[in-house]
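K.L.:
Sequence:
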Amino acid sequence: MTQGDDAAARVRVRPEANEADFAGAIYGSMLAASVVVGGGLGADSHGPPPVRLALLLVATGVVFWLAHAYARLVGDRIHRTTISGAEIVRVARLEWPLLQATFPPAAAAVVVGVLGGGDRAAGWAALLVAIAGQVGWGMVAARQAGASRSLILLTAVVNLALGLVIISLKAALQH
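Under this note's numbering, the first residue of the sequence shown is numbered 1, with each subsequent residue one higher.
It is possible that some hints are incorrect.
Have a look at the derived ranges for each label pair, beta carbon to beta carbon [stated by the list, open to error]:
hint	residue 1	residue 2	range
1	V89	A145	22 to 28 angstroms
2	G118	G146	28 to 34 angstroms
3	V74	R120	38 to 44 angstroms
4	A23	A107	20 to 26 angstroms
5	A172	A23	36 to 42 angstroms
6	G116	D76	25 to 31 angstroms
Derived by calculation from the structure, the hints in this document are not laboratory data.
Ideal Cβ positions, reconstructed from N, Cα and C, are used throughout, including at glycine.
Please build the complete structure, drawing on both the sequences and the hints.
P.N.:
What follows is the structure, given as structure tokens:
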């Protein structure tokens, strides 16, 4: 077995129920960032109030979490003949990181609001926290997959670049 084969053997295509789904966490962070951008567009808009933004983030996360769980269950029917309650719980847990990734940006929006920050400040805080989550989860995923330090750094740079695209869109569409 070559070194590349050894690294590939450690990477699972489909995580088990007790393993973290980093793809879901990365996707959830990107979803949260896009919700923030979508929630505060327009030259005269300052974005939704912090609590409303937090609720929007979590509600969107719930919808996408349920949609992903449902899609996985339906897709798994190809391989399994029945879907049991235990399977539904297993899939819901597997997809949980997608929803969980919306919590830190939502919390950031609420904290900024409680501290007296305006709607726009809460939106920017939520956006920056979402992008930090995206970068962080990407790095953790690369590390868990046995990637080299240079590949972990490249993963961080790619995720940061995606986040900067989202920030650029937000800035451009607000002016």
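K.L.:
So, for every hint listed, does it hold in this structure?
P.N.:
So, going through the hints one by one against the coordinates:
1. V89 <-> A145: 22 to 28 angstroms: 26 angstroms, holds
2. G118 <-> G146: 28 to 34 angstroms: Violated - the Cβ-Cβ distance for G118 and G146, about 44 angstroms, lies outside 28 to 34 angstroms.
3. V74 <-> R120: 38 to 44 angstroms: Roughly 40 angstroms apart at Cβ, these two residues keep to the hinted range, so it holds.
4. A23 <-> A107: 20 to 26 angstroms: 22 angstroms, holds
5. A172 <-> A23: 36 to 42 angstroms: Hint violated: Cβ distance 28 angstroms, outside 36 to 42 angstroms.
6. G116 <-> D76: 25 to 31 angstroms: Violated: the Cβ-Cβ distance is about 48 angstroms, outside 25 to 31 angstroms.
The structure shown violates the earlier hints numbered 2, 5 and 6.
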